[in-house]
Amino acid sequence: MKRLLKTMGLAITAVAALQSAPLHAEEFPARGLEFVAGYGPGGGHDTMLRAMAKILKEEGIVEVPINVVNKPGGSSAVAMGYLNARAGDGHYLMSITSSHITTPLASNIGLDHTNFTPIARLGIDPELLVVNAAGPYKSIKDLLKADKVLNVGGTATGSIEHIVSIQFQKKTGKEINFVPFQGDGDVVAALLSNQLDFIVTNPGTARDFIEAGNFKALAISTDERIDALPDVPTFKEQDIDITLSLYRGVTAPADISEEAKAYLTEKMTELSESEAWKTGYMEPNAVVGDFITGEEFEAYLAENEKLYRETLTELGILK
Amino acid sequence: MWNELLFAFQSVATLANVLAMGAGILGGVVIGAIPGMTGTMAVTLALPFTFYMSPVTSILLLVALYKGSTYGGSISAILVKTPGTASAACTVLDGWPLAQQGKAGKALNMALVSSCIGDFLSNISLIFLAAPLALLALRVGPPEYFMLMAFALTMVASISGGSLLLGVVSACFGLLLATVGEDMYGSFRFAMTEDMKSGLSVAPVLIGLFALPELLRLIFFRDDGQGQAMKLGDNRLTLSEFRGSLKSIIRGSFIGVVLGAIPGIGPSSAAFFSYGEARRASPNRENFGKGELEGIAASESANNGCCGATMIPLLALGVPGDVITGVMLGAFMIQGLTPGPLLFQNNLNEVYMLFIGMMFSSVLLFGAGKITVRFFSHIARIPQVLLAPIVLMLCIYGIYSISSSMFDVTVLLIMGAVGFIMLLLDIPPAPFLIAFILGPMFEDNLRRALAISRGDPSIFFHSVISWIFAGLIVFFVGLTIRREWQKSRENRAARNA
Numbered sequence: 001m002k003r004l005l006k007t008m009g010l011a012i013t014a015v016a017a018l019q020s021a022p023l024h025a026e027e028f029p030a031r032g033l034e035f036v037a038g039y040g041p042g043g044g045h046d047t048m049l050r051a052m053a054k055i056l057k058e059e060g061i062v063e064v065p066i067n068v069v070n071k072p073g074g075s076s077a078v079a080m081g082y083l084n085a086r087a088g089d090g091h092y093l094m095s096i097t098s099s100h101i102t103t104p105l106a107s108n109i110g111l112d113h114t115n116f117t118p119i120a121r122l123g124i125d126p127e128l129l130v131v132n133a134a135g136p137y138k139s140i141k142d143l144l145k146a147d148k149v150l151n152v153g154g155t156a157t158g159s160i161e162h163i164v165s166i167q168f169q170k171k172t173g174k175e176i177n178f179v180p181f182q183g184d185g186d187v188v189a190a191l192l193s194n195q196l197d198f199i200v201t202n203p204g205t206a207r208d209f210i211e212a213g214n215f216k217a218l219a220i221s222t223d224e225r226i227d228a229l230p231d232v233p234t235f236k237e238q239d240i241d242i243t244l245s246l247y248r249g250v251t252a253p254a255d256i257s258e259e260a261k262a263y264l265t266e267k268m269t270e271l272s273e274s275e276a277w278k279t280g281y282m283e284p285n286a287v288v289g290d291f292i293t294g295e296e297f298e299a300y301l302a303e304n305e306k307l308y309r310e311t312l313t314e315l316g317i318l319k
Numbered sequence: 001m002w003n004e005l006l007f008a009f010q011s012v013a014t015l016a017n018v019l020a021m022g023a024g025i026l027g028g029v030v031i032g033a034i035p036g037m038t039g040t041m042a043v044t045l046a047l048p049f050t051f052y053m054s055p056v057t058s059i060l061l062l063v064a065l066y067k068g069s070t071y072g073g074s075i076s077a078i079l080v081k082t083p084g085t086a087s088a089a090c091t092v093l094d095g096w097p098l099a100q101q102g103k104a105g106k107a108l109n110m111a112l113v114s115s116c117i118g119d120f121l122s123n124i125s126l127i128f129l130a131a132p133l134a135l136l137a138l139r140v141g142p143p144e145y146f147m148l149m150a151f152a153l154t155m156v157a158s159i160s161g162g163s164l165l166l167g168v169v170s171a172c173f174g175l176l177l178a179t180v181g182e183d184m185y186g187s188f189r190f191a192m193t194e195d196m197k198s199g200l201s202v203a204p205v206l207i208g209l210f211a212l213p214e215l216l217r218l219i220f221f222r223d224d225g226q227g228q229a230m231k232l233g234d235n236r237l238t239l240s241e242f243r244g245s246l247k248s249i250i251r252g253s254f255i256g257v258v259l260g261a262i263p264g265i266g267p268s269s270a271a272f273f274s275y276g277e278a279r280r281a282s283p284n285r286e287n288f289g290k291g292e293l294e295g296i297a298a299s300e301s302a303n304n305g306c307c308g309a310t311m312i313p314l315l316a317l318g319v320p321g322d323v324i325t326g327v328m329l330g331a332f333m334i335q336g337l338t339p340g341p342l343l344f345q346n347n348l349n350e351v352y353m354l355f356i357g358m359m360f361s362s363v364l365l366f367g368a369g370k371i372t373v374r375f376f377s378h379i380a381r382i383p384q385v386l387l388a389p390i391v392l393m394l395c396i397y398g399i400y401s402i403s404s405s406m407f408d409v410t411v412l413l414i415m416g417a418v419g420f421i422m423l424l425l426d427i428p429p430a431p432f433l434i435a436f437i438l439g440p441m442f443e444d445n446l447r448r449a450l451a452i453s454r455g456d457p458s459i460f461f462h463s464v465i466s467w468i469f470a471g472l473i474v475f476f477v478g479l480t481i482r483r484e485w486q487k488s489r490e491n492r493a494a495r496n497a
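Protein chains in written order, with this note's numbering: chain A, 1 to 319; chain B, 1 to 497.
Please note that the accuracy of each hint is not assured.
[To be verified] With the C-beta cut set under 7 Å, the calculated list includes, among others, these residues of chain B facing chain A:
id : residue
1  : Glu194
2  : Leu450
3  : Ala451
[Said to hold, decoys possible] Between beta-carbon pairs, the in silico distance windows are:
id : chain 1 : residue 1 : chain 2 : residue 2 : range
4  : B       : Ile414    : A       : Ser274    : 54 to 60 Å
5  : B       : Met192    : A       : Glu258    : 37 to 43 Å
6  : A       : Ser274    : B       : Val363    : 55 to 61 Å
7  : A       : Gly289    : B       : Gln345    : 45 to 51 Å
8  : B       : Thr193    : A       : Asn67     : 33 to 39 Å
9  : A       : Gly289    : B       : His378    : 54 to 60 Å
10 : B       : Ala16     : A       : Asp112    : 56 to 62 Å
11 : A       : Ser274    : B       : Met192    : 31 to 37 Å
12 : A       : Gly60     : B       : Phe220    : 56 to 62 Å
13 : B       : Ala470    : A       : Ala146    : 44 to 50 Å
14 : B       : Trp2      : A       : Ala212    : 24 to 30 Å
15 : A       : Glu314    : B       : Asp426    : 55 to 61 Å
16 : A       : Arg309    : B       : Thr193    : 46 to 52 Å
I should point out that these hints are in silico values taken from the structure, not numbers from a laboratory. Keep in mind the model is a prediction, meaning the values are calculated, not measured. Beta carbons: idealized from backbone N, C-alpha and C, even for Gly.
Taking the hints into account, I'd like the entire structure generated from these sequences.
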């Protein structure tokens, strides 16, 4: 009898729990957050999300646990598919850069930036033209004078590094041969071992090697010189019209609740204003702060897509 | 340098550091020993906890997990024919036959001793040879990688078992399977589903090929004696057995250190490499693959010999060689230490503390190994019929838990069926696995080298390193052909007589 009562008690509790479930679902977050990196551990996406997770927790901005997962492959196509399968659930946040635009353009994955809820752009990440300091090239002029086709390294076909390289060829008339590598580390190693004439990469990857005297940056792809690398001239200064930067932002799955969207936007705003984020991520990685959210970010992405579509079509990468 | 090392010694010997390392090693050994749970998983799971530790403690914990799991993989490789991690796949070749002969304890002890020696030598070289080894890593570009991979593939001859032809067939299938997914120019191959776009992971292929066929064999062929447990009997490793394998241990450690210092090669290739070399040089050549202690010594010293050395390109160049060191790179960045050329200038103290801590961990590995060997060797007393379903469940659960992916489980089951067919046809699985692991690097570096030279194959003969490997390939292939020819002549003579 006692056992029967106990069972009944359990059953009642279970029913009660079921009934109260929808109530709980409205509270956001109902569980831990998951940050999705579309590239492997140690890359730009991964380190940003891990630094973000650490600072969000340490500064007490987010109370619930944060888990960073890597879904590498297909220049972020795999991660986009992963996030899309979780539409309606605001517990996911994916880091995005220009591949969020270029991958849907270049391959037929049936998804683009409009299939997600853009939360915030945290900053922009310029591209550098970098040579080995011990090599024969001391300036852009030396590169243009070289009596050979220049071997250029960067990550993935159709990446922003690729576009900058092709634009360089187009604007200067110097023929180049773009060699795609697996990740930033491999590109750096290949330049260190003199396999390539120059590489196109971010300041975050190259800065230590520049400071240590291994590498020399000959140009940067921003409108004006940046504070972190004041000695590096822009392409524009050298009469090569290339201004193209990577952006670093975060997006959530489609159709998430208003509460979830407001929560994520608020947390990202708090993050970007915190001193820990500025000194812990932005400055070390030479990311230029330029924070926008929600609709403004959505408009930026749409504009970005138009620009990429035009450039890639012009370059013959898109048909 | 000595002063800095001494100072580092004093500052690293804190309770927190020793506890972190002890827990890391022990946890790593256990996770490594569970089929399907890999070192990568251990390190990834532990990463969030390290955010709240001091930089040195957190890295030491991750390194300890890495080392522990690399050794731990050998435990299940020997006891249940299921390599706990990919780097222990080579240990199965001799470990499992030894366990069947009732020498599981002996094999486990040999694995532990060689792992610890390999690990220790790797740490020493990290301290004293970091600079020259980092330079070596820089000399290896796409053409050299390609030649190195081509040489590694000739090792198939050493791990083919009875028939070279079947070994080569097996390796070809491995290479073919490695092409699934995205290639370096961004086009997809055999991508029938969304999951297949990022290719197949090593863990489900590994477990599917090695563990499941054995379990299926138990189900289909109820051979005699499977209700009984294996005999434990002969447990101790004698001094003469150790001395007989010492050469292979030292050679294996050296191979591990050199290959570990080159980003991307990894402990599994090092283990197969070392095994092949040991077999070629050993007087007990014929016994390899049938339960030879020296085979375990070769493979285990090499895979742990990699652990310390993989830190060299990571620390000095900021280039991670595999997923585990990739996660560690993230851990360094989060702790405000940036691996790369400035690390040794700006954070020399932390670097030395890390080195000294890693030396400690070799000793801890021995202790943790001794404890777990005693515990795990009881598994050998469980009858196979009872053990098999438990292992099967662990495999499926472990594979699923790596990335919560049903696709991985599907791959596991399909590879299990493929492995079972291979078992019936006597096709060895080891060449398949090594070709599958090396395949992507083999292909990418071939294509990358030719992209740099714009199609000119002479790029493969520009450097000394390329020539060395080209010479080794010719030598090794020649040797294999000669041996096969002799074997067939002997067979013919035997038939005629």
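The hints, checked one at a time:
1. Glu194: holds, 5 Å
2. Leu450: At 10 Å from the nearest chain A Cβ, Leu450(B) fails the 7 Å test, so the hint is violated.
3. Ala451: This hint holds: Ala451(B) lies near chain A, its Cβ roughly 5 Å from the closest one there, short of 7 Å.
4. Ile414(B) / Ser274(A): 54 to 60 Å: For Ile414(B) and Ser274(A) the Cβ distance comes to about 48 Å; the hint is violated.
5. Met192(B) / Glu258(A): 37 to 43 Å: Given about 38 Å between the Cβ atoms, the range holds.
6. Ser274(A) / Val363(B): 55 to 61 Å: violated, 42 Å
7. Gly289(A) / Gln345(B): 45 to 51 Å: violated, 28 Å
8. Thr193(B) / Asn67(A): 33 to 39 Å: With Cβ atoms ~25 Å apart, the hint is violated.
9. Gly289(A) / His378(B): 54 to 60 Å: holds, 59 Å
10. Ala16(B) / Asp112(A): 56 to 62 Å: violated, 48 Å
11. Ser274(A) / Met192(B): 31 to 37 Å: violated, 45 Å
12. Gly60(A) / Phe220(B): 56 to 62 Å: holds, 59 Å
13. Ala470(B) / Ala146(A): 44 to 50 Å: violated, 30 Å
14. Trp2(B) / Ala212(A): 24 to 30 Å: Between Trp2(B) and Ala212(A), where Cβ atoms are some 25 Å apart, the hint holds.
15. Glu314(A) / Asp426(B): 55 to 61 Å: Roughly 58 Å apart at Cβ, these two residues keep to the hinted range, so it holds.
16. Arg309(A) / Thr193(B): 46 to 52 Å: violated, 28 Å
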